[in-house]
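With the hints as your guide, set chain B with the ligands onto chain A.
Number of protein chains: 2
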Amino acid sequence: MGKNLTKRSEDYSKWYNELVLKADLAENSGVRGCMVIKPYGFAIWEKMQAGLDKMFKETGHENAYFPIFIPKSYLSKEASHVEGFAKECAVVTHYRLKNAEDGSGIVVDPEAKLEEELIVRPTSETIIWDTYRKWIQSYRDLPLLINQWANVVRWEMRTRLFLRTAEFLWQEGHTAHATKQEAIDEAELILKVYATFAEEHMAVPVIQGIKTESERFAGAVETYCIEALMQDGKALQAGTSHFLGQNFAKAFDVKFANKEGKQDHVWATSWGVSTRLMGALIMTHSDDNGLVLPPKLAPIQVVIVPIYKGLDQLDAISERVAPLVKELRSKGISVKYDHRDTHKPGFKFNEYELKGVPVRLAIGQRDMENNTFEVARRDTLEKETVAADDLVARIETLLEDIQTNIYEKALNFREAHITTVDTYDEFKEVLEAKGGFISAHWDGTAETEERIKDETKATIRCIPLDGDTETGKCMVTGKPSERRVLFAKAY
Amino acid sequence: MGKNLTKRSEDYSKWYNELVLKADLAENSGVRGCMVIKPYGFAIWEKMQAGLDKMFKETGHENAYFPIFIPKSYLSKEASHVEGFAKECAVVTHYRLKNAEDGSGIVVDPEAKLEEELIVRPTSETIIWDTYRKWIQSYRDLPLLINQWANVVRWEMRTRLFLRTAEFLWQEGHTAHATKQEAIDEAELILKVYATFAEEHMAVPVIQGIKTESERFAGAVETYCIEALMQDGKALQAGTSHFLGQNFAKAFDVKFANKEGKQDHVWATSWGVSTRLMGALIMTHSDDNGLVLPPKLAPIQVVIVPIYKGLDQLDAISERVAPLVKELRSKGISVKYDHRDTHKPGFKFNEYELKGVPVRLAIGQRDMENNTFEVARRDTLEKETVAADDLVARIETLLEDIQTNIYEKALNFREAHITTVDTYDEFKEVLEAKGGFISAHWDGTAETEERIKDETKATIRCIPLDGDTETGKCMVTGKPSERRVLFAKAY
Ligand SMILES: [Zn+2]
Ligand SMILES: [Zn+2]
Chain A
58 MGKNLTKRSE DYSKWYNELV LKADLAENSG VRGCMVIKPY GFAIWEKMQA
108 GLDKMFKETG HENAYFPIFI PKSYLSKEAS HVEGFAKECA VVTHYRLKNA
158 EDGSGIVVDP EAKLEEELIV RPTSETIIWD TYRKWIQSYR DLPLLINQWA
208 NVVRWEMRTR LFLRTAEFLW QEGHTAHATK QEAIDEAELI LKVYATFAEE
258 HMAVPVIQGI KTESERFAGA VETYCIEALM QDGKALQAGT SHFLGQNFAK
308 AFDVKFANKE GKQDHVWATS WGVSTRLMGA LIMTHSDDNG LVLPPKLAPI
358 QVVIVPIYKG LDQLDAISER VAPLVKELRS KGISVKYDHR DTHKPGFKFN
408 EYELKGVPVR LAIGQRDMEN NTFEVARRDT LEKETVAADD LVARIETLLE
458 DIQTNIYEKA LNFREAHITT VDTYDEFKEV LEAKGGFISA HWDGTAETEE
508 RIKDETKATI RCIPLDGDTE TGKCMVTGKP SERRVLFAKA Y
Chain B
58 MGKNLTKRSE DYSKWYNELV LKADLAENSG VRGCMVIKPY GFAIWEKMQA
108 GLDKMFKETG HENAYFPIFI PKSYLSKEAS HVEGFAKECA VVTHYRLKNA
158 EDGSGIVVDP EAKLEEELIV RPTSETIIWD TYRKWIQSYR DLPLLINQWA
208 NVVRWEMRTR LFLRTAEFLW QEGHTAHATK QEAIDEAELI LKVYATFAEE
258 HMAVPVIQGI KTESERFAGA VETYCIEALM QDGKALQAGT SHFLGQNFAK
308 AFDVKFANKE GKQDHVWATS WGVSTRLMGA LIMTHSDDNG LVLPPKLAPI
358 QVVIVPIYKG LDQLDAISER VAPLVKELRS KGISVKYDHR DTHKPGFKFN
408 EYELKGVPVR LAIGQRDMEN NTFEVARRDT LEKETVAADD LVARIETLLE
458 DIQTNIYEKA LNFREAHITT VDTYDEFKEV LEAKGGFISA HWDGTAETEE
508 RIKDETKATI RCIPLDGDTE TGKCMVTGKP SERRVLFAKA Y
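Chains as they are written, first to last, in this note's numbering: chain A, 58 to 548; chain B, 58 to 548.
Copies of the same chain are indistinguishable here, so a pair counts whether it falls within one copy or spans any two.
Capping the alpha-carbon separation at 25 Å, the derived lysine to aspartate or glutamate pairs in DMTMM-like fashion look like this:
1. K155 x E270
2. K316 x E408
3. K353 x E115
4. K144 x E172
5. K312 x D242
6. K393 x E119
7. K104 x E115
8. K405 x D198
9. K104 x E119
10. K249 x E472
11. K170 x D159
12. K536 x D500
13. K79 x E119
14. K514 x D479
15. K114 x E103
16. K64 x E489
17. K134 x D159
18. K388 x E115
19. K170 x E158
20. K319 x D398
21. K114 x D81
22. K104 x E408
23. K155 x E172
24. K155 x E173
25. K155 x E213
26. K114 x E84
It is worth saying that the hints were derived from the structure and are not from the lab.
Extracted from the complex, chain A is given alone in its bound form (with noise of 0.2 Å):
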């Protein structure tokens, strides 16, 4: 399959880098750190938005839009979240540009200088808040349950074609609520909104859990996330619901009347997901020879080539086609009859495996002699030949084996990539021999946790939300446990 794609084996950062840009999903820009998402990779995170969207509004969220930019000074009201943001923001000062006065070009006006600086949004939660101050002055006006899809900036130095990006597309939830507890709760079912949107969607696995307090949401009291595991063994943040307490409402002044007539401030969520999650998919399931796509997100879920020479025989394979595409259609399965007389069937199915197509048909003269047509599945890779009649029953079938089969195999790989160690030196082995997840005791200091991410480079990923409870001693200090967490290197 002469593809050009680096093995996994070789360089699999390398061979992410180069299937995102084979298969047309995404290229660097001319902008530094901004990417611009390509046609094909637009279409399936299209797909992503469509599915979480349907779900957001399921459980009572609303969209809305908030202005891009945020004043310098909201951005400080609250401490801890400016401390998280300020070091990569893009600044707004001025507000026109003007011909040169030496004929140089165009430069900044001087004369144009905002009387305060702009941020472009790393995240809205204060000039949400901000607004949240009008809107909320009774119980009645909760919860507020609000979704915004957006842009977001973070300046970041280092950048990944969608796994890190100075400019990512995202959705950012931001609810209010009446009680402590409500808000918990509505932080806990986003969390569970996102694990099955990645399982279910996406057939990426994921553990969920909650942050140390190290790797907290800047402004956040509690952060929950689903974390999952990339097939070289490095574990990528999916998704995090931040449960923010009050602090947000006090920064900004939020209150509202209980019922009891009693003034309150307000209690806050915030979560979101981002362009980060096309990253995830491709790197849990593609393999040497390009994309695996799982069929709820592939923007084209079965393509049909032609074996023919000569345009009779393409005609007669057209035909015969023809009903087939729309019986698919009618039954809501995206469906492309490539007929294009510029490529040959080997270049066609080169670029449908590349480009991750679950089920690939190919029907030639002996497939029109009888009545039958050759099916190739994505995933496997196995190829059957299959009665016309049959033929929509089984690639509705395939379809949800290839999605249950995806999974599944992600699955395994991270179950047996979950190790439990007891020792320090033990864990250093397996990070490096083995990769993956690595359960261990931990002092539930900070100090512990640097020290870990110094010497090892990786982090907790997170305290699992599962029941395990085995109290024991840190591996590091032998200072007393009260649960094992997980590590891992990670994206």
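Showing chain B with the ligands alone in chain A's frame:
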């Protein structure tokens, strides 16, 4: 109907501003000129997006995403383009904030100055054509038919919600073609798509035409537009589609090899509609009681209000309503059953009138006994009693009727407000006394156009694409005129 809404006849502009706020569509934010689009307003915009996106895809276009930032040098490459946008740009000059050394707070870090300033996109021709250079080598790569849904920023000094804001949401199509004619055909195709969307979805009649040279998009060879007429007699440009010639291909050196292997510059179009459409929608149909929404764009098409005393009666009504809600939803009709016990029916009636819900059902004790519903239509405010058995069919008819009726009403208004004049005195009289479009002869010069604008504030909205080719004499200079053009005061 005590909604405290200023009457249109008293102060149209005030009526509009109040309506946008009271109907929960949008509001001003803490950032000068940037609006917050509230959930109800955003739900209408989402329906517009969905309708347009479907039409773009059906005509072969794909979505993609390009960076929000444009390097200053890119913007400068097409001379008339930068001339058009330089005066209203948000300019990013720095990429970091820091704590002030004197402890006075957060300041821009002077050491984090960008080598080249970045402009927050006012439109994306330049960054996109810089990208297209990499994507286009041969005629096989053409046509390239791409659309982007995005936010853009133009630093307007006088802003109004939806009509003119510093940041707005829009779609921008950018296409590349092998021949001049193909690009012109594309620009005209999109004009038809926009006109169809405005008339069939928004129920807003539009005039299709081309702009004069002075009103053309900065960098375009020809600008096509659709122009709508608001109830106060002012025109509103609702969408533009530009034939860009080879201007951007030359500025960004985008060439392709044609079938004969010869290199040529690519031909281009760009086209866009924005959240400004919300302004057109509101001002075309709404009345002194509030919004009037076309059923095709109404987030809630049918609202059901129970009229009851005590929870026993409410329970009985809810039981009657449940299967109705289910049946309406199964037919794709969006319905809300407002059983809030905290508000009186009269309050709810007012609220849904204000929000423009097309059909309102009420059900009280007599209706329960007679197995009927009271049905009120928002456009005419007419009420009728309908037997439960006939209700779903009646609602389906009503939704169609309302869609047609408000279009016809707007069309009649528009037709009654196109006035043909032959002298400049008459022109000024009609403009002041009646408003609307004025069809008049003009000598084709920018000087005369400018003079008319200075003296009357009316601009040439467009040279209509209809067949009228009556020649005549310019109403101002008496010089020969090839055909009548349409003037109006405009938003
Ligand atoms: Zn392994
Ligand atoms: Zn009139």
